[in-house]
Amino acid sequence: MEQAIRVDNLTYRYPKQEDARETEVFSGLDLNIEQGSFVAILGHNGCGKSTLAKHFNAILLPSGGKVWVYGKDTTVGEELIAIRRAVGMVFQNPDNQIVSNVVEEDVAFAPENLGVEPEEIRRRVDEALRMVGMYEFREHAPHLLSGGQKQRVAIAGVIAMLPKCIVLDEPTAMLDPQGRREVLETVHRLNRERGITVILITHHMREAVDADRVIVMSGGKILADGTPRQVFSQVELLQSAQLTVPETTQLLYALRQQGVDVPLDALSVEECVQAIYRAFGAGTASKEK
Amino acid sequence: MLKDITLGQYFPGNTVVHRLDPRTKLLMVILFIVALFTAEGPIAYLTVFLFLGVAVGLSRIPPRTILKGLKPLVVIICLTGLLNLFYTPGTPVVKFWVLTITREGIFSALFMIWRILMLITGTFMLTYTTSPIALTDGLELLLNPLKRIKVPVHELAMMMSIALRFIPTLIEETDKIMSAQKARGAAFAPGSILQRARALIPILVPLFVSALRRADELAVAMECRCYQGGKGRTRMKRLRFAGRDYVTLVLGILLVAAMIVLRVVRI
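Heads up: the protein sequence lines correspond to chains A and B, in order. Counting from 1, one number per residue, gives the positions in the first sequence under our numbering. Counting from 1001, one number per residue, gives the positions in the second sequence under our numbering.
Heads up, some of the hints might be wrong.
As the list claims (entries may be wrong) - Within a straight-line C-alpha distance of at most 20 Å, the following computed SDA-like cross-link-like pairs (lysine to any residue) qualify:
| no. | chain 1 | residue 1 | chain 2 | residue 2 |
| --- | --- | --- | --- | --- |
| 1 | A | K164 | A | E120 |
| 2 | B | K1231 | A | K164 |
| 3 | A | K54 | B | A1215 |
Said to hold, decoys possible - Chain B residues, not near chain A, derived (Cβ > 12 Å throughout):
| no. | residue |
| --- | --- |
| 4 | V1029 |
| 5 | P1062 |
| 6 | P1072 |
| 7 | I1076 |
| 8 | L1194 |
| 9 | Y1227 |
| 10 | L1249 |
The set of hints was computed from the structure by calculation and includes no laboratory data. Values in this document were obtained by computation on a predicted structure and should not be read as measured data. Ideal Cβ positions, reconstructed from N, Cα and C, are used throughout, including at glycine.
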């Protein structure tokens, strides 16, 4: 399978501030992300997940080591536009990434920057807006939309570049549950139907459950890496990174500590119910709870 | 409250006025202002008023929206009116204390108020019916010749459109900050001017901090979307003059010509 992003022995130091010392975020980080996959990067505040994300499209450049994006070195200046076009970025606050007062003109911003022909821009804008389900709103003013709608416009603005990969840096942090669901559904659909690689950075465990792969970061290091089942069953490890595991895993973990024989890798509510039902139904555990 | 300020706000629509080329509308505003300042005599005033009235009617912008937009300017308008009322020399009509109202004063006050109202409503017609990006495009193209003398036309146009884009966002934010400060016991309404000015500090400081952070984030987001300045940039909507644009511009020129004629004839 094609490699989307390869991080090779990455080190990064934030430039010296006046009063603070130089802080090193990564010291020798390695990571590969495959084309077409849905990867969730989890971590507590300040674990370096956003800093890592900014390396994926050359907003930040490594202090040491290399980041390769579709085979292109991010430190090579001539490749910059090609890299940014291949890897789109969506940020936390939708208000601060919408440039225009009209939805469709905002979506057109990136292709306009790339010098695409007007007819082709029109086609891409319409398609991008349809993909995120905001086509009916194409002539609206963004500040009148809900948070989830704004964030979907921001996603459309990135898709209009026809990227192979989208990096979303806590896209749901400022949204209500409804908006959160809209954004996640959109992102999953893009991954499934268009084969776009998705890198979702979040601290909500629930959002990572449906990913193909979960990477947990802490203190600039990768703490765990695997399928959601593999990662979330390592409850103690996650708790040591100040992360709370999904509610279902929490419940199963608590039951296990009480001596109930349940598996830890049941992630959906349905699976969890089944597991508990089986454990108690078979009568292998005491029912003192 | 603050949300009622409609300055620089675009109301999407599909009327003739909306469809006019932004360059036409920009030039029309200039022509309209010229006409406004050459106008003299009741016929001229009425003509300009009717001209604007037709434009407002065609744009289907409800007059109430325009009145709402004028509201914040009531103080300035009244002040100008009063100053003209009392400080124009001429035949006295009413005299009391040190103040004299002259016949000329009444006319010039009414005229000044009319002029300001026309001026503001005229510019409203531009911003209400033209999306900021279209406006920026228009400005950029109109000012394009200045690029030769190294005026950063694209950058200026971009700055303007971003400023317009963030007006509603920052107003919303100001409202939020004010509520937050009020919840902590800050008082904005009473007190002397000095006290009230001081009361604004707890609003302005967080507003500026947040505006700077927004600017920073927006700059990164724009870079992520491959923004590299005006070079090699294309536009989804190309501007083209249509028949209606020429007709409108001719009407604008005729208006100015009429004003000049009326002025000359009167004298």
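- Between K54(A) and A1215(B), is the straight-line Cα distance small enough, at 20 Å or below? holds, 17 Å
- Regarding the assertion that P1072(B) does not contact chain A, is the least Cβ-Cβ distance greater than 12 Å? The claim stands: P1072(B) keeps its Cβ more than 12 Å from every Cβ of chain A (closest is about 19 Å).
- Query: Taking 20 Å as the top limit, are the C-alpha atoms of K1231(B) and K164(A) close enough?
  - Reply: The given pair, whose Cα atoms are some 25 Å apart, is violated under the 20 Å limit.
- Query: Is the Cα-Cα distance between K164(A) and E120(A) 20 Å or less?
  - Reply: holds, 18 Å
- Are all beta-carbon distances from Y1227(B) to chain A longer than 12 Å? violated, 5 Å
- Task: Find the nearest Cβ of chain A to the Cβ of L1249(B) and say whether that gap is larger than 12 Å.
- Result: holds, 25 Å
- Query: V1029(B): least C-beta distance to chain A exceeds 12 Å?
  - Reply: holds, 19 Å
- Item | Given as non-interface: P1062(B), partner chain A, CB spacing beyond 12 Å | Since the minimum Cβ distance to chain A is about 17 Å, P1062(B) lies beyond 12 Å and the statement holds.
- Beyond 12 Å from every chain A Cβ: check whether that's true for L1194(B). holds, 34 Å
- Message: Over 12 Å from every CB of chain A: does I1076(B) meet that, or does the non-interface label fail?
- Response: Correct as stated: the minimum Cβ-Cβ distance to chain A is 26 Å, above 12 Å.
In summary, the structure is inconsistent with hints 2, 9 from the numbered list given earlier, while agreeing with the others.
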